[in-house]
Structures are given as C-alpha cells and as structure tokens.
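Position 100 of the sequence shown, counted from 1, bears residue number 100 in the numbering used here, the numbering being contiguous throughout.
Wrong hints could be hidden among the right ones.
[As the list claims (entries may be wrong)] Cβ pair distances, simulated, as ranges:
| no. | residue 1 | residue 2 | range |
| --- | --- | --- | --- |
| 1 | G134 | P40 | 23 to 29 Å |
| 2 | C11 | E138 | 26 to 32 Å |
| 3 | E23 | A66 | 18 to 24 Å |
| 4 | K127 | A58 | 16 to 22 Å |
| 5 | K127 | G12 | 35 to 41 Å |
| 6 | P40 | E138 | 17 to 23 Å |
| 7 | P103 | A62 | 27 to 33 Å |
| 8 | R120 | K48 | 28 to 34 Å |
| 9 | L139 | H15 | 16 to 22 Å |
[Said to hold, decoys possible] Mimicking DSS-like on lysine-lysine, the simulated pairs with C-alpha atoms at most 27 Å apart in a straight line are:
| no. | residue 1 | residue 2 |
| --- | --- | --- |
| 10 | K48 | K76 |
| 11 | K76 | K127 |
| 12 | K65 | K127 |
| 13 | K6 | K127 |
| 14 | K76 | K65 |
| 15 | K65 | K6 |
| 16 | K48 | K105 |
| 17 | K48 | K65 |
| 18 | K48 | K127 |
| 19 | K6 | K48 |
| 20 | K127 | K105 |
Keep in mind the hints are simulated off the structure, nothing from the lab.
C-beta: ideal position from N, C-alpha, C; glycine also.
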Amino acid sequence: MTTTHKGSCFCGTVHIEVSGEPEGMGYCHCRSCRSWSGGPVNAFTLWKPDAVRVTAAADQIATYKASELSERKYCKLCGGHLMTNHPTLGVVDVYSATIPTLPFKPGVHINYAETVLRMRDGLPKLKGFPPEFGGTGELLQE
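Throw the hints in and build the complete structure from the sequences for me.
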C-alpha cells in the first residue's frame with residue numbers, strides 16, 4: 001500500500017497530493033530559497049515528478065521560472081507557494097509546509113555557505129549541492 005499525503009496552498013484552493021516516499025528531505029540555505037520562502041531557510045522534500053499530483057484547481061497555479069534549474073509554482077489567488085519543479089534534476093521540491101501530514105525528517109543542509117542561520121543539529125552541511133545534483137559535495141563545519 002502506497003502512503004499518500006495531501007496538502008494545499010494558503011487559501012486552500014489548489015490541492016496537491018504526494019505518494020510514496022520522498023527522495024530526500026532537508027534544508028536549503030541559498031539566497032533564492034530564502035527570498036522565495038520568506039524565511040532564513042527552506043525546508044524541502046524532494047519527489048520524483050510522477051509522485052506529485054495536483055488534485056484540484058490546477059488552472060489556478062502560476063509559475064515563476066527563476067532559472068533553468070527551478071520553476072517555482074504558486075497559487076494565483078493567494079500567492080501561496082506550493083512547489084518548485086527542478087526539471088534538469090528530475091525532482092520536484094514540495095515545500096514541507098505544503099504537506100503538513102508528512103513527518104519532516106531532514107537529512108542534509110544544502111548551500112550552507114550562504115546561510116544566515118547557523119543550525120547545530122548534527123546533520124551534514126554541504127557548501128553547495130550534492131554530487132548527484134552537479135555540486136561538489138564539499139562539507140562545511142557545523
């Protein structure tokens with residue numbers, strides 16, 4: 001039996017669903033994610049594209065293409081952030097806050113060289129991206 005978690009935008013118009021297990025979870029500290037999330041870090045959950053489904057109001061989703069690496073999706077009505085499609089990486093980042101029933105179990109910090117909030121949690125702190133995503137995998141001190 002496949003586990004399914006449901007979520008929605010801020011106003012509840014757009015509904016999404018993720019199924020199975022995420023490919024990974026963690027925190028991104030890059031300036032782009034901080035600015036988009038409105039916080040000092042972005043809590044991400046990464047999914048294969050076929051594990052993410054819009055179940056209501058797909059016509060209310062707008063996309064902001066920040067770069068070739070990210071297509072940020074949000075609700076046209078409330079501006080609530082939903083997810084970021086990373087087409088060149090083959091994953092979709094469904095923001096942890098968008099799917100409240102999914103237990104968030106972070107495993108890594110990425111882009112920690114750009115952090116504005118040091119987090120001493122014992123998790124690996126990558127300077128940039130992991131090698132699977134084109135980075136060096138270089139670790140930084142906690």
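- Task: Run the structure past the numbered hints and jot down the numbers of the failing ones, going up.
- Result: The structure conflicts with hints 2, 4, 9, 11, 13, although it agrees with all the remaining ones.
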